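Asker: Listed here are the chains, written in short residue letters.
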Amino acid sequence: MLEPYRARFFVEDEVIVDCELTLDPYHKGIERIMEGMPVHKGLIITERICGICSHIHLWNGTRAVERGLKINVPERADYIRVIMAELERLHSHLIYLAHATEVLGHETMCMRAFTLREDVMDLLYIISGNRVHYAVPIIGGVRPRCDIDDYRMSELKTRLSKLDVKIGDYANRIINDSMIMSRVKGSGVLTKEEAEKYATPGPTGRASGWGVDLRKKMKEYKKFDFNVIILDDGDNKDRVVARALESIESVKIIKQALESLPSGPVSNRSFELKEMKFSTSYIEAPRGEIYDSLSLDETGRIRSYQNRTPTLTALASMEVACIGDQLTDGMLTMASCDPCLACTNRAIVVENGKEKIITEEEVKSLIRGGL
Amino acid sequence: MIELILATILIPLAALITGFFIPGLERKVQARIQQRIGPPILTPGFWAILKFFYKEKIKPNSPMPRLFHSLPIIGIFVMFFAVLFTTPDWWGVNALGTVVAVVGLLKVIEFLFMAIGSFSRSILSVSMPYADQIKGAVMKGEYRRFFEQQSVIRAFKMITVGSFPLYLAMFVPVVLVKSINFSDIVQFQGFDASLIYPGGMIDLMYLNKILSLKPILFTFPGMLAGFVYFIGYIMLLNEYPFSIEKAKSDVIEGPSLEYAAWARGGYYLMRESILFVLSSVFITLFIGLPPTLNLPLLLVHCLLCLIMPILFSIVSAFSPIFTFKQIYPVSMGFTALGFLTIVLSLLAVM
Chain A
1 MLEPYRARFF VEDEVIVDCE LTLDPYHKGI ERIMEGMPVH KGLIITERIC GICSHIHLWN
61 GTRAVERGLK INVPERADYI RVIMAELERL HSHLIYLAHA TEVLGHETMC MRAFTLREDV
121 MDLLYIISGN RVHYAVPIIG GVRPRCDIDD YRMSELKTRL SKLDVKIGDY ANRIINDSMI
181 MSRVKGSGVL TKEEAEKYAT PGPTGRASGW GVDLRKKMKE YKKFDFNVII LDDGDNKDRV
241 VARALESIES VKIIKQALES LPSGPVSNRS FELKEMKFST SYIEAPRGEI YDSLSLDETG
301 RIRSYQNRTP TLTALASMEV ACIGDQLTDG MLTMASCDPC LACTNRAIVV ENGKEKIITE
361 EEVKSLIRGG L
Chain B
1 MIELILATIL IPLAALITGF FIPGLERKVQ ARIQQRIGPP ILTPGFWAIL KFFYKEKIKP
61 NSPMPRLFHS LPIIGIFVMF FAVLFTTPDW WGVNALGTVV AVVGLLKVIE FLFMAIGSFS
121 RSILSVSMPY ADQIKGAVMK GEYRRFFEQQ SVIRAFKMIT VGSFPLYLAM FVPVVLVKSI
181 NFSDIVQFQG FDASLIYPGG MIDLMYLNKI LSLKPILFTF PGMLAGFVYF IGYIMLLNEY
241 PFSIEKAKSD VIEGPSLEYA AWARGGYYLM RESILFVLSS VFITLFIGLP PTLNLPLLLV
301 HCLLCLIMPI LFSIVSAFSP IFTFKQIYPV SMGFTALGFL TIVLSLLAVM
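As given, the protein sequences belong to chains A and B, one line each in that order.
Residues 1 to 371 in this note's numbering are what the first sequence spells out, letter by letter.
Residues 1 to 350 in this note's numbering are what the second sequence spells out, letter by letter.
Okay, chain B solo, but in the shape it has when bound (with noise of 0.2 Å):
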């Protein structure tokens, strides 16, 4: 019971303290790239988070702002909770640890983007003066839509396409191994659960361990599937290419353009944990390493979670933002290679 206890409590902290440097790590890439020095590594994670914190409460102005609040909090718990699922301690609660279940819970978070934009009415939307409007006029048969509304409609394409490659990547593992629990996924890439438990101490034995697993992620399905869940995780993400949520050109930020202050901070906080969790996903499902309370263990997972980030980052900085026209044939390509991923993986199985 103390485990339980002590992943819940810490293992989320390791996933937090790891967010934290994602969105720096990100940035510097880019400016590397882009032949510039970039902020330090901790200023858009940690003291940007920080710094909205501390300014001044600002009401939303959210036909419920209670509710458009509280949204970025639900989203960090339920990250958290996907986290959770994957971590050995958790993998005996209500049979939670499944594949199934961190599926559900990263659906609720793509529903996220689109009850924040539903709920957000920002000042730039509201309060634009349209002079026949001002003069009177009525425009007949026309809807007036906010921006955020606009992000609202591109966010529900995004769910109904754009997630489709990261679920199919996903279902690859279950298939291989022919079970959804992570539990039997992480022990069929050779990791021991008897490591769990040697106290947190540094030691060679872990390395060797680690060394000796057989990750999914260097079979030929796995290496593929890896490559579409990397896909739609940026998707996912509403990163470049895919940033057509937030494409600032059009819609100014979107759903979170309404977000000051100590929201503003909580809604980057659920972004980072976003990031940590889908990198730790893969880390458990593709190389068989789960987030546990031993100490380097979680410190090599924690590290790993790094590399995927830093991917996406090298994606974005070469890539323009993707209308929906080109969207939608990338999206479906992606999801036509993880069906053939799929079908491979089932040919290796029978």
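With the rest of the complex left out, here is chain A (with noise of 0.2 Å):
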């Protein structure tokens, strides 16, 4: 098992019939260590919730005091952040095929994803100077230092006409592979009724026809021209697919990006930090929708910050979509969503060594007065 959750399988035969999953170990504490600590120094730590899709935490977060405090960003900003959420999508359902295929025991696909993700690590190495937290969004843009230059952008341009050949290749092997298609075809359905009734984000509920896909809300993404791919049978192969098809619609964004990328400066420095009420984001991040609130004292330091990652109901959702499959196919059907524990447990609650349970006026007490 590759994440730390336990997927306990009540299995006649080989079929499962039943699934219970306990989500634990990993508590990091972050929405408390971020408690108290100037905006600035705060938001950089909602990198470290995930070292999959750390640009996306970072950009929500700092849109979140954006949007509170009504901060203007530059276009080229705007522009900047995009091409990063596209490249860190692209890489993480790179790593999503990998992980599948690995599941599935095709190690060589396995590695051959992996191979692919080393070409787009190194484009986001070329932005940020960084293969895992980049740190390129601040509050009111992005660093100077991320700014694309010439050099940059005649890098860019180069290795991603190869990429976007090279992802496509990838994809129709994976699609053209009838053993792979024999093991993913069928097994693991979600179907669309159940992936609105569990809220299923992202990829994993376009897979199942529910189209949802925040990128089309969101004013940094209306001038750029791409699909939400949307399939219908909601199976492991839909996922599996669908993740294939939107990385090659990441191309299409950053491609698009790079060629109408605006002249002027990256960061606005004029604005001033004050308390701020409850103010919030929502973002589409590779795995789906990713939630962020927090609000700000008078001095500029963070008050109850509160973090939601797509994976509590995708990984849920698959509770559902496993039962009936073969016990292998379970495990491929729960790697399936893409699962990121790292980011997705948030508080254990331990008294005196006993069980707590926590009221739903508790919880919200909490939030409002700081974990």
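Think of the hints as simulated: they come from the structure by calculation, not from any bench.
Being a predicted model, the structure only gives us computed values, none of them experimental.
Where a beta carbon is used, it is the ideal one built from N, C-alpha and C, also for glycine.
Heads up, a few of these hints could be off.
Quick list of the computed label-pair ranges, beta carbon to beta carbon [stated by the list, open to error]:
| hint | chain 1 | residue 1 | chain 2 | residue 2 | range |
| --- | --- | --- | --- | --- | --- |
| 1 | B | I73 | A | M179 | 34 to 40 Å |
| 2 | A | R131 | B | R145 | 39 to 45 Å |
| 3 | B | F77 | A | P4 | 56 to 62 Å |
| 4 | A | V15 | B | R32 | 35 to 41 Å |
| 5 | A | V15 | B | P63 | 54 to 60 Å |
| 6 | B | L42 | A | I126 | 49 to 55 Å |
Got two chains here, separate frames each, mind docking them using the hints?
Answerer: Below, the structure written as structure tokens:
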């Protein structure tokens, strides 16, 4: 098992009749750590929520502050943020494809996905200078060191053109491989109704025909032409194919952004940090919707930060999807929602070594008052 | 008599030495396909075993620990006997040099995997906490199964459906030659028993003799049977795509999980000897070159034994793990092909 969760399967012969998930060990306490920190210092910690989609966490936290304080962001900065987000989506989807094929037992396709991912990591490195935590967005724009100059522009364009072809080839190879398709087709079916019921986020929900993509609602993405990949079968095959096709769409967005990158400053420094009431932001991360909310006190220190990541609902919906499958397919189904437990487990409450049940009202008061 | 003793010692030794190279070759080929360097050739097969033998002994959590520990050793001996039955020196011993005898030994090996699973209770299975059990809840009507037992059921299914193609293919030469004796089968393909004892000198004569063999593999039923044998070989080895018994993602290595330290070394040795023996039986049956005391011939035999593992590592590199949903039709298809090959062989000899 690659993630610290326990999937307990109840099987008859090899067929899963029931499934129970337990999420546990990871709890980093990031929300608590951020309490009382100056906002520009605190937000950088949000990148540590996840090592895969680190940019999107920082962007969403920053976005919540910008929305709350009504800070204008230069258009060039928005473009760079979008480029970073789509590169991150690419590398996240490639990790997903590697993970899914590894769970399938197809080591070669797994390795090839990782090889492809290296090219994307190079692009992320070219822009940000880092391979994992990029630290690109700051309140009011992006860091000046992450501006895309002529050299970076030509490097990005050259490498991206090759990447486009490679990802297409890889996707074709997966789709045309009858042995892979025999494993993923028809297993782990999540219907559209179930996807809606469990609020299945991101590409997992879209693979079940539930067409919610927050990018279409975000002002930062308004200028780009791209398709929302919606598939109907809702099985493991569609979840794999959705990621492969979304990767191609991401390359399309990055290309458009590079072609029409506006000139001008990359950050707006003319703002004042002041008391901010509760501000929220939703964003489409590679795995689905991310929610961030926070407020600031009069000195610009963080109060009641909260973050919600997509794995919780995505994985919960897989509890339903795996029923009726073979045991081995069950693990594939679990992996097919791209679980990321590192960013999902938020709190464990233990009092005197006993389990404690917290009511909804208590949760609300904890959130408002700071956990 | 001296030849019998020498063959009994030296041929298993040659099998063991060849076996040391096979896992490394497998890994190397797969690594190259995956555009990686891969480990040194001797590391997975030879140095890994040495490392395991050096480690502190661990008592397994098995209901019958001694028997559990001895199973790989039994497997190694069984496999050595299988290869000895194909050597010319053993053909005369109690008429054991027959295909039927080797089939029986291979069945024992298949059963050993079941026994290994049944006798193991790995730490991951035993100590995994179940919250409802800790609280004292009784799971009525539920049977909690160990990882290894899940693999045992899979092993049982594989014995019943997975090994048919291999055994059917083994009987194609029997039908073509109209004899179950290895001596007749290799003689049919042009093997000259007088080559066995010239003293092990390298001579071009051997090369000529080897090239003048008329392998069953190059006949139409032989080719089909060879293909069926190859698929059955992968099934018997529980390798990709038929590695359902040890599908790591859901049952965590299955039966072999409990083996540690020197016992794991023994388990690795058993795997290596199986890898060699299955290839060796194939070379004897389909190419007509049995393992003999003659050094050049034995060397050629051992080199030919490396081909099949290389081929299966290529297949494994390009395939996912099959569940029984895929294994049943694949196995049935190859069983049908095996039957067809036997029918063709019957027609050929009639």
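Asker: A separate judgement is required for each hint: does it hold in the structure or not?
Answerer: So, going through the hints one by one against the coordinates:
Under the hint 34 to 40 Å, the C-beta atoms of I73/B and M179/A, about 36 Å apart, fit the expected range. Range check, R131/A to R145/B: Cβ separation about 43 Å, and the 39 to 45 Å hint holds. A C-beta distance of roughly 42 Å is found between F77/B and P4/A, which places it outside the suggested range of 56 to 62 Å. Against the hinted window of 35 to 41 Å, the Cβ-Cβ separation of V15/A and R32/B comes to about 38 Å, which satisfies the hint.
For V15/A and P63/B, the hinted distance range of 54 to 60 Å is not satisfied, since their beta carbons lie about 28 Å from each other. Between L42/B and I126/A the Cβ separation comes to about 41 Å, which falls outside the hinted range of 49 to 55 Å.
The earlier numbered hints that this structure contradicts are 3, 5, 6.
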